[in-house]
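Asks: Now for the letters of each chain:
There are 2 protein chains.
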Amino acid sequence: MSEAEAPRRGRRRKDAGDARSAILRAASAEFLASGYDDTSLRAVARRAGVDPALVHHYFDDKAALFAEALEAPVRPQDIVRLALAAPRDRLGETIVRAVLEAIDAPATRDRMRQLVRTALGHDFAARMLRQFLVREVLSRIAGELDAPDAELRATLAASQIVGLLVVRAGIQAEPLASAPVDEVVRRVGPVVQWHLVGFGTVDTPEARGE
Amino acid sequence: MSEAEAPRRGRRRKDAGDARSAILRAASAEFLASGYDDTSLRAVARRAGVDPALVHHYFDDKAALFAEALEAPVRPQDIVRLALAAPRDRLGETIVRAVLEAIDAPATRDRMRQLVRTALGHDFAARMLRQFLVREVLSRIAGELDAPDAELRATLAASQIVGLLVVRAGIQAEPLASAPVDEVVRRVGPVVQWHLVGFGTVDTPEARGE
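If you read the sequences in order, they're chains H and C.
By our numbering, the letter at position 2 of the first sequence is numbered 2, and the numbering carries on one by one without gaps.
By our numbering, the letter at position 10 of the second sequence is numbered 220, and the numbering carries on one by one without gaps.
If you are wondering where the hints come from, they were derived from the structure by calculation, not from laboratory data.
As the structure is a computational prediction, the values presented were derived from the model and not from experiment.
The C-beta atom is built at its ideal place from N, Cα and C for all residues, glycine as well.
Some clues are possibly wrong.
With the Cβ distance kept under 10 Å, some of the chain H side facing chain C (calculated, not the full set) [what the hints assert, rightly or not]:
(1) A85
(2) R153
(3) A154
(4) T155
(5) P175
(6) L176
(7) D182
(8) V184
Pairwise CB distance ranges (calculated) [stated by the list, open to error]:
(9) D78(H) <-> P316(C): 40 to 46 Å
(10) A64(H) <-> R300(C): 42 to 48 Å
(11) A253(C) <-> R109(H): 35 to 41 Å
(12) D288(C) <-> R109(H): 36 to 42 Å
(13) Q382(C) <-> D38(H): 16 to 22 Å
One-sided and incomplete, this derived list gives chain H residues near chain C with beta-carbon spacing under 10 Å [stated by the list, open to error]:
(14) P76
(15) L120
(16) Q160
Pulled out of the complex, with its shape left as it was, chain H reads as follows:
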């Protein structure tokens, strides 16, 4: 490890791999002690005995640190970024496809399913995971929607996505559990689209009085 990378105020010096895993261990402890919302990167650095700059050096932000501490195989903020970069009329489809690919990929499937079960529990870990999702996923999407009811829209979209996760990956109810991704995207994408941007603007048979 070069001198430039060394934490200047650390209680002890660590090589790069050690420092990074010390930060992750400290982050897990800090998240568990304080919850997602009340954990600061400064407190994580203090607990790890490293300079706060080193935390920023290894991790983009609190969300990235949390996703790594959880060993989440997919960073929810990447799904958000992907979704927000999509054309507005493909928002629902893009989100549903990204979520399905995350829970279906052989490399990530088991850990993702485990996280779905954790998030549905009623212990502290579950509450923290949900704080994280509300803060980093729902609020960011709502912030982009630019509608007076953006937060309601975001929680409604989340209700369809959470239900899809529960039925497909948690309960594994057939035939939804094994339906091809494209089929599920065709059926659920328009629902998420409707919740996020469609309600009140989309032309429905009901709106036409049919």
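Take the given structure of chain H and dock chain C to it, following the hints.
Replies: Just chain C now, with coordinates in the frame of chain H:
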């Protein structure tokens, strides 16, 4: 207790209240030992030491017995019956309203929320509760749909309803947790409608090539 009501082959005689609660206790034990699908009313009667006719006298069917053994404040089969009696174009709205009323009513709210949490667990009770819902709710609705993809439609509708239960009653994420029933019905009813009967038949901007 009149002679006519007495179980003829029971190991001991019980008055009506006793017999009914003995059946309920036996049913709980039998469901826990064998799961929902593999429990028969005959086995419940045997365990309770009463004539099978007496089980049928007190309870309409296995679903009714299960709902009572669970102390479920709402019988899912009543929601199904209500939904299936609704005009076909109001199926989604009717189901969503019935579910919301069940989880919001002051008298039933706490027990319903507890059941939502139980159903989401990964122990035997959770699996049994889900067997019950699949058998008594999803399969019955699918059976009425008369479409080749009826079972996929039923699981997709369930995904939106389960997600709504989780976000509104489980996680209690705002603003969805406190949104008025009518507002939620207006937004989620069309989604359940779309999943059950709309997909491929409803006129969407996409279908019109917009």
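Asks: If a hint holds in the structure, say so; if it doesn't, say that too.
Replies: Against the structure, the hints come out as follows:
no.	hint	verdict
1	A85	violated, 20 Å
2	R153	holds, 9 Å
3	A154	holds, 9 Å
4	T155	holds, 4 Å
5	P175	holds, 5 Å
6	L176	holds, 4 Å
7	D182	violated, 13 Å
8	V184	holds, 8 Å
9	D78(H) <-> P316(C): 40 to 46 Å	holds, 42 Å
10	A64(H) <-> R300(C): 42 to 48 Å	holds, 46 Å
11	A253(C) <-> R109(H): 35 to 41 Å	holds, 38 Å
12	D288(C) <-> R109(H): 36 to 42 Å	holds, 37 Å
13	Q382(C) <-> D38(H): 16 to 22 Å	holds, 19 Å
14	P76	violated, 15 Å
15	L120	holds, 4 Å
16	Q160	holds, 5 Å
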